[in-house]
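Participant: For reference, the chains in residue letters:
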Amino acid sequence: MPAPKNNARTPAAEQAPALRITNFKEVALGYTEEEVKAEASRCLQCKNQPCVGGCPVGVPIPQMMAAVRDGNFAEAYRLISTANALPAISGRVCPQETQCEAKCLRGRMGEPVAIGRVERFVADWAMQNNVTNLETAPKKDKRVAIVGSGPAGLTCAGQLAKMGYGVTVFEALHTAGGVLSYGIPEFRLPKAIVRKEVANLEKMGVEIECNTVIGKTLSVDELLEDGYDAVFIGSGAGLPSMMRIPGEALIGVYTANEFLTRINLMGAYREDSHTPVLKSKKTAVIGGGNVAMDAARCARRLGAEVCIAYRRGEEELPARREEVHHAKEEGIQFELLTAPLEILGDENGRVRALRCIRMELGEPDASGRRRPVQIPGSEFELEVDTVISAIGTSPNPLIVRTTPGLETTRHGAVVAEEETGKTSREGVYAGGDIASGAATVILAMGAGKRAAAAIDEYLSAK
Amino acid sequence: MRKKYEIVRKAALNPTTGDISVYAPRIAAKAKAGQFIILRVTEDGERIPLTVAGCADDCVRVIYQKVGRTTLELDELQEGDCLHDFVGPLGTPTEIEGVRRAVVVGGGLGCAITMPIAKALKEAGAEVDLIIGFRTKDLIILQDEMKAACTRLHICTDDGSYGYSGFGTGKLQELLDADPAYDRAYAVGPLPMMKAVTKTCSAHGVKTIVSMNPIMIDGTGMCGGCRVTVGGETKFACVDGPDFDGELVDFDEAMARNSTYRAFEAEQREAHVCRMGGMQ
Numbered sequence: 001m002p003a004p005k006n007n008a009r010t011p012a013a014e015q016a017p018a019l020r021i022t023n024f025k026e027v028a029l030g031y032t033e034e035e036v037k038a039e040a041s042r043c044l045q046c047k048n049q050p051c052v053g054g055c056p057v058g059v060p061i062p063q064m065m066a067a068v069r070d071g072n073f074a075e076a077y078r079l080i081s082t083a084n085a086l087p088a089i090s091g092r093v094c095p096q097e098t099q100c101e102a103k104c105l106r107g108r109m110g111e112p113v114a115i116g117r118v119e120r121f122v123a124d125w126a127m128q129n130n131v132t133n134l135e136t137a138p139k140k141d142k143r144v145a146i147v148g149s150g151p152a153g154l155t156c157a158g159q160l161a162k163m164g165y166g167v168t169v170f171e172a173l174h175t176a177g178g179v180l181s182y183g184i185p186e187f188r189l190p191k192a193i194v195r196k197e198v199a200n201l202e203k204m205g206v207e208i209e210c211n212t213v214i215g216k217t218l219s220v221d222e223l224l225e226d227g228y229d230a231v232f233i234g235s236g237a238g239l240p241s242m243m244r245i246p247g248e249a250l251i252g253v254y255t256a257n258e259f260l261t262r263i264n265l266m267g268a269y270r271e272d273s274h275t276p277v278l279k280s281k282k283t284a285v286i287g288g289g290n291v292a293m294d295a296a297r298c299a300r301r302l303g304a305e306v307c308i309a310y311r312r313g314e315e316e317l318p319a320r321r322e323e324v325h326h327a328k329e330e331g332i333q334f335e336l337l338t339a340p341l342e343i344l345g346d347e348n349g350r351v352r353a354l355r356c357i358r359m360e361l362g363e364p365d366a367s368g369r370r371r372p373v374q375i376p377g378s379e380f381e382l383e384v385d386t387v388i389s390a391i392g393t394s395p396n397p398l399i400v401r402t403t404p405g406l407e408t409t410r411h412g413a414v415v416a417e418e419e420t421g422k423t424s425r426e427g428v429y430a431g432g433d434i435a436s437g438a439a440t441v442i443l444a445m446g447a448g449k450r451a452a453a454a455i456d457e458y459l460s461a462k
Numbered sequence: 001m002r003k004k005y006e007i008v009r010k011a012a013l014n015p016t017t018g019d020i021s022v023y024a025p026r027i028a029a030k031a032k033a034g035q036f037i038i039l040r041v042t043e044d045g046e047r048i049p050l051t052v053a054g055c056a057d058d059c060v061r062v063i064y065q066k067v068g069r070t071t072l073e074l075d076e077l078q079e080g081d082c083l084h085d086f087v088g089p090l091g092t093p094t095e096i097e098g099v100r101r102a103v104v105v106g107g108g109l110g111c112a113i114t115m116p117i118a119k120a121l122k123e124a125g126a127e128v129d130l131i132i133g134f135r136t137k138d139l140i141i142l143q144d145e146m147k148a149a150c151t152r153l154h155i156c157t158d159d160g161s162y163g164y165s166g167f168g169t170g171k172l173q174e175l176l177d178a179d180p181a182y183d184r185a186y187a188v189g190p191l192p193m194m195k196a197v198t199k200t201c202s203a204h205g206v207k208t209i210v211s212m213n214p215i216m217i218d219g220t221g222m223c224g225g226c227r228v229t230v231g232g233e234t235k236f237a238c239v240d241g242p243d244f245d246g247e248l249v250d251f252d253e254a255m256a257r258n259s260t261y262r263a264f265e266a267e268q269r270e271a272h273v274c275r276m277g278g279m280q
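Just so you know, the sequences run in chain order A and B. The numbering used here puts the first residue of the first sequence at 1, with every later residue one more than the last. The numbering used here puts the first residue of the second sequence at 1, with every later residue one more than the last.
One should not assume that every hint holds.
As the list claims (entries may be wrong) - With a Cα cut of at most 27 Å, we get these calculated DSSO-like pairs of lysine-lysine: (1) K4(B) x K196(A); (2) K4(B) x K191(A); (3) K4(B) x K279(A); (4) K203(A) x K4(B).
Since the hints were made in silico from the structure, they are not lab data. Here the structure is a predicted model, which is why all the values come from computation and not from measurement.
Can you build the whole structure from these sequences, using the hints too?
Facilitator: Below, the structure written as structure tokens:
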């Protein structure tokens, strides 16, 4: 197939909206071999590789594109895996449009190369053909403990295992993956993919201990006393912020974390699930980020009519544009410039409505975004039986409370050097949401990778 | 060689209450009175929180009531079988520091759970009155162990078939009337009972610590499902509790929240009982 002359990217198949709201199967179906080669041919092979600079883990994108273009998928996988321990995951959930794809020269004249879709194809192809890159350096006699098996922890573990370190990952839940398992829904990131990426790490010698809460079962200091030479904390921002409005304790009010955990981790969307989730006719989701979109789209699939209430406008929605687009296709309503005031209950303590107020945008606030201001007298009620709050999370305090000498910000995040993940404690590193506050999977992966390099440097000198 | 999360010992305390010791050395080394674990029986099982009843020989003891699908499935396991998951110790330990004289009140399954609290208080040198209430004499459990865990044991039965005739709060009222100089009261059991104990103690100026038992998933502060309103503030029972000052707890709200999945729970229990019936 000749390289496309036009400036549009090769389309990729998706499950049709009317069908996909009846199931939890993956929405994006991915490229075929022909499609992926055509798309990779669009890469201009820029000498200065601006896309690589836009990638938090530095995947050698033009080289990968050349290999894909030539149909050499195994080589493409090898190239990705040198830089990225979890390509099947990042290919699906990375906000490429603000990272590598934002820097793509093609984007100046038309659509940038669909780097994410190509990455996903290569990673899936490797999984289907049992192609792996599990080579590790000769075994070193030093061990590293990783706290949390989310994107930061898994990436750090993979990098250190490659270098030959003994690595143990401690996970509080019964399944590895962190937010990849409990947060991001099956239709965006199939759990089988997460399990396979984790299994690959295990094949590299990484040990994963589930059901172990660092800060409770063991402390960071005990890990250091138990023979671990360094510790990486990647425990995430797992503490949901509450809206602090009346009615939050009513039956039918969920934090997005609880709602998503019931569905994704515990499988409450399945008929035979042991774990329940309330059946809803009409759900309101508060917030405008990716988590809000995930919660809304899960609720839709469970049969509810869903609206998203967000206090700023469409332009300001923090979610990926693709997620907003998908949500709209699925019939999710957007109540923009709308803030919740109170959740109203019936005589049984169950949600019956959400009282809201319209907002308008005023002067820019500290975040640089225009501050939403209430419009007096514009209060109204949304008749709903379920309210899901997706307004953000803060760092989980369990580790900080039990690790003396670990410096934190006033928001409870662990203070860690941007480039190395170094904390105020010797031999203790941190990265991902526990250090930066809630962000994206790929930023956490980047932090895990940089910390692995810094840990290697520290242990090599020790 | 013991296996991970192996049930090393199992006993039936009465027709609805089981008592197991689970091999989990790290948890056994750490767990203190008032803390809990979360377990799953099977690979797709629900995560349920249960209070730690004691620790010995690398094992964590858990006492459970067969009330739902998961506890019924748990009860089908025998010695030598393993739980799928077992994690802890979660929550903060019960505060016993500085308490010289205490009254501990347990109702229902709470009777078993009061035992480690009474024991910890006694070991710390406090004088402990332990009040436990059962419906009738045949349901009384762990009498000898409870007796050893406290200074004075007061058993109550609703029908008067043994000990004090009436609810535990009646006996509590009696003790408070005789001498209200308790530093602290502790209540563990159903929400209405903890609410009643708090009210009774409050009238005598005695502070009551209650152990909340909300619906929970992860137990580490991640899901926020276990929130309770304490003194007008939202608290997460799994990390801020499960113990709270009873006078500040919104019990009515907690009771409503605990009924969230009642229909689902009844369905699950029935389906389980039917399946079991079909097997016999």
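Participant: Which of the numbered hints above does this structure break?
Facilitator: 3
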